[in-house]
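Student: Here are the chains, one letter per residue:
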Amino acid sequence: MTLTELTAHELHDRLSRKETSAVEIARAFTQRIEAVEDSVQAYNLLTGERAMAQAEAIDAKLARGESIGALAGIPMALKDNMCTEGIPTTCSSKMLQNFVPPYNATVVERLAEAGSVVLGKLNMDEFAMGSSTENSAFKQTCNPWDLARVPGGSSGGAVASVAADEAVFSLGSDTGGSIRQPAAFCGVVGLKPTYGYVSRYGLIAFASSLDQIGPITKDVTDCALVMNTIAGHDPKDSTSAPVDTPDFTKYLVNDIKGLRVGIPQEYFGSGLEPEVAAVIKAAIAKLEELGAIVDECSMPHTEYAMPTYYLIAPAECSSNLARYDGVSYGYRTEGATDIINMFKKTRSEGFGPEVKRRIMLGTYALSSGYYDAYYLKALKVRTLIKQDFDRAFAKFDVLLSPTAPTAAFKFGEKSANPLAMYMSDICTVPANLAGIPAISVPCGFANGLPVGMHLMGKAFDEGTLLRASYTFEQNTEHHKAKPKLGVS
Amino acid sequence: MKISKEQVEHVAMLARLELTEAEQEIYTEQLNSILDYAALLDKLDTQGVEPMAHALPLKNVFRDDVVQPSISQARALANAPDAEEGFFKVPKIV
Chain A
1 MTLTELTAHE LHDRLSRKET SAVEIARAFT QRIEAVEDSV QAYNLLTGER AMAQAEAIDA
61 KLARGESIGA LAGIPMALKD NMCTEGIPTT CSSKMLQNFV PPYNATVVER LAEAGSVVLG
121 KLNMDEFAMG SSTENSAFKQ TCNPWDLARV PGGSSGGAVA SVAADEAVFS LGSDTGGSIR
181 QPAAFCGVVG LKPTYGYVSR YGLIAFASSL DQIGPITKDV TDCALVMNTI AGHDPKDSTS
241 APVDTPDFTK YLVNDIKGLR VGIPQEYFGS GLEPEVAAVI KAAIAKLEEL GAIVDECSMP
301 HTEYAMPTYY LIAPAECSSN LARYDGVSYG YRTEGATDII NMFKKTRSEG FGPEVKRRIM
361 LGTYALSSGY YDAYYLKALK VRTLIKQDFD RAFAKFDVLL SPTAPTAAFK FGEKSANPLA
421 MYMSDICTVP ANLAGIPAIS VPCGFANGLP VGMHLMGKAF DEGTLLRASY TFEQNTEHHK
481 AKPKLGVS
Chain B
1 MKISKEQVEH VAMLARLELT EAEQEIYTEQ LNSILDYAAL LDKLDTQGVE PMAHALPLKN
61 VFRDDVVQPS ISQARALANA PDAEEGFFKV PKIV
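Line order of the protein sequences matches chains A and B.
Mind the numbering: the first sequence is residues 1 to 488 in this note's numbering, read in order.
Mind the numbering: the second sequence is residues 1 to 94 in this note's numbering, read in order.
These are calculated hints, taken from the structure and not from any lab test.
Please read all numbers here as calculations on a predicted model, not as lab measurements.
Glycine included, each C-beta is placed from N, C-alpha and C at the ideal position.
There's no promise every hint is true.
[Said to hold, decoys possible] Pair ranges (Cβ atoms, derived):
| # | chain 1 | residue 1 | chain 2 | residue 2 | range |
| --- | --- | --- | --- | --- | --- |
| 1 | B | Ile26 | A | Ser39 | 58 to 68 Å |
| 2 | B | Ala53 | A | Asp38 | 44 to 54 Å |
| 3 | A | Ile284 | B | Ser72 | 33 to 43 Å |
[Unchecked claim] Cut-off 25 Å, straight-line C-alpha distance, at most; resulting in silico cross-link-like pairs (DSS-like, lysine-lysine):
| # | chain 1 | residue 1 | chain 2 | residue 2 |
| --- | --- | --- | --- | --- |
| 4 | B | Lys92 | A | Lys386 |
| 5 | A | Lys380 | B | Lys43 |
| 6 | A | Lys257 | A | Lys236 |
[Unchecked claim] Which stretches of chain A does chain B cover? Using the computed rule of at least three CB atoms under 8 Å from a CB of chain B, they are:
| # | segment |
| --- | --- |
| 7 | 93-107 |
| 8 | 230-241 |
| 9 | 253-267 |
| 10 | 339-345 |
| 11 | 360-369 |
| 12 | 398-407 |
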C-alpha cells in the first residue's frame, strides 16, 4: 500500500516506529496531487512549501526522541472558507478572491498545535451555497469515482481530495448537509458535530445558527482523532458550547448489541432511488445481525424541514453577507460614482447567481410585511421539527436514513432548477435545524457509485454515532474501496 | 403569495444588488417557485409554538471588560480596496 492510501492512525503508527518520515509522507502527497489533481480539481490553492516546513519540524521532533500527537505530520487540507493567516481564503467567490486573512480560524490554530501538515485550500460552492460544488466561481471539482459526475457539495473539494488520496483528511463545513452529502457521494466518512461543539471562529459565515465545522476522513477512527483535536469550547465564539469534550477514541468499540436504531419512514420517500434504498436496507440488516434492535418510527414534520431550511438559511445568509460592501476587504467595483452605486455594483459583480438568489430570498423573507409569514413561521416549525427528534430519541439511540436520496449526479443535471438541487439535502437538513450530530458512513455502491448511511444522534452524543459507525465499518469492507483514477 | 417583478426590484434595492432585466425575470420565476414550496408550511398550525432561532440555550455570553491583544491598524487595513492615513476610503457619501 502506498503512503497516500493510509489513514491518519496508520501513518501515525509508521511515523512512531520510524518506518517513514513526515517529509517522506508530505512528498508522497505532493506527488499524488501532481498525478491526479488535473482530473479531480479539488484544490483552490496548494501550500506545498509551508507543508514541507511543517513536516520538517515534525521530523526534527522525532529525531530529538520526542513523542508526537496523533495528527502530527499528517497531511490534510481545509475547505476554503476557514481563515488561514497569510494564506488566501476565497470561499470560491470572486468577492474574496484576493482576501488574505490577518488571523487563523480556531480549528486552524488547533491543527497547527497538533502538528498537522496543511496541504492547501479546497474548492467549494461559493460561500458554501450549493450541493454539487458547481457554484464555485473558480473551478469544477470532479467526483473521483466518475469524473463526469459532481462530488456533491458544498464541501466538494474537501471530500474529493480525501477520496482521491490527495489528503489524509480534511475539514469541511455543514449548514444543511455540506459535509455529509458529498461524503456519501465520494465514499468517505463525514461528521457534522453537534451545533456548538466545534468553534466557528474564523469560519466565514453562511447561516450562523446552522453552520458547523467537521471532519472528513477515510475511516471512523480518524474521525474520532480529528474530533479530539478540533472540538471544545472556544471563548472567541459566543455560540460555542461551554461543555467538556471526551476522548472520542474511547467510543471506538466494536459492539452494538442492544443499540436501539430508529428508521424514520419519512426519510424513505418517493425521491429515493431504488438502488440506494436497496443498499441502505442491506446496511440495516447488517446492523441487526450485529445485535442492534431496529424498529421503524415516524417523524411527522420531516416534510417541512426543507421549506423551513430554505427560509431560515437564506434569511441568515442575507444578513451575514450584508458585510460584503467593498469597503473594508474583498472585491470593489471600478469607478463607482457614489457610495450606494458602489455597494450595488460591488455586490452584483462579486457574487454569483446562487448567492444572489439566496440573498434575494432571505431579504424578502425578512422584509417588512413578510417577516411573520415566512421567517417567524419557519422558526416555529423548526421547534416542531426539534420536538420530533426529542420524541424519537426517547425511544432510540440513533436514527438511520440514507445520507442522500440519490448517488452522485452528472454535471448540469440539476443546475438549472434550484429546487431540484435543494432536494439533494432532504435527509441531511433536519439535523442542522435541530442542532444534533449526524454522520455519513460508506455502506455500499449503487451502479458503481458510493452510497452513504446516515446516522443521527442526540446532542453531544457523538460517542454513540462513532460506536455504531465503527462497529459497522469493522464488520464491512465498503470503506476500503478506492476509486480508479487511471493512475497508480 | 405571489412575488411580482416590481417586488423583486424592491428586494434587490434592499439587498443592494443591481439586477439586469434578464436576472429580474429569472429571479421572479425562481423565487416564486421556491416560495410556492415554502407555502407548504401554511398547512401547519403553529399557534402557541415558540420560535426556535438557535439550537443552544445560550444568552448574552459576556466576558470581563479587559483589554486583550488585537490586530494592528496596518493589518486591519491590509485588505482594504482603498485606504488613506489609517482610514478606509470610500466614494463621496453626501
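Student: Each hint should be assessed against the structure and marked as holding or not.
Tutor: The hints, checked one at a time:
1. Checked against the hint of 58 to 68 Å, the pair B/Ile26 and A/Ser39 fails, with Cβ atoms roughly 33 Å apart.
2. Here the CB-CB span from B/Ala53 to A/Asp38 is close to 45 Å, well matched to the stated 44 to 54 Å.
3. In this structure, A/Ile284 and B/Ser72 break the distance hint of 33 to 43 Å, their C-beta atoms being roughly 57 Å apart.
4. Pair hint B/Lys92 plus A/Lys386 does not hold up; C-alpha atoms about 49 Å apart against a cutoff of 25 Å.
5. Between A/Lys380 and B/Lys43 the CA atoms are separated by roughly 13 Å; this keeps the pair inside 25 Å, and the hint holds.
6. Annotation: proposed proximity of A/Lys257 to A/Lys236 is violated, straight-line Cα distance about 41 Å (limit 25 Å).
7. For a cut-off of 8 Å, the count of residues in the segment 93-107 of chain A with a CB near a CB of chain B stands at 5, and the three-residue condition holds.
8. Residues of the segment 230-241 of chain A with a Cβ under 8 Å from some Cβ of chain B number 4, which satisfies the need for three, so the listed coverage holds.
9. Against chain B, the segment 253-267 of chain A contributes 0 residues with a C-beta closer than 8 Å to a partner C-beta. That does not satisfy the three-residue criterion, and the hint is violated.
10. For the segment 339-345 of chain A, the proposed coverage by chain B is satisfied: 7 residues have a C-beta within less than 8 Å of a C-beta in that chain, meeting the threshold of three.
11. Only residues whose C-beta sits within less than 8 Å of a C-beta in chain B count toward coverage, and the segment 360-369 of chain A has 5 of them, enough to reach three; the restraint holds.
12. Counting residues of the segment 398-407 of chain A whose beta carbon lies closer than 8 Å to any beta carbon of chain B gives 0, which falls below the threshold of three, so the coverage claim is violated.
Hint compliance for this structure: hints 1, 3, 4, 6, 9, 12 are broken, all remaining hints hold.
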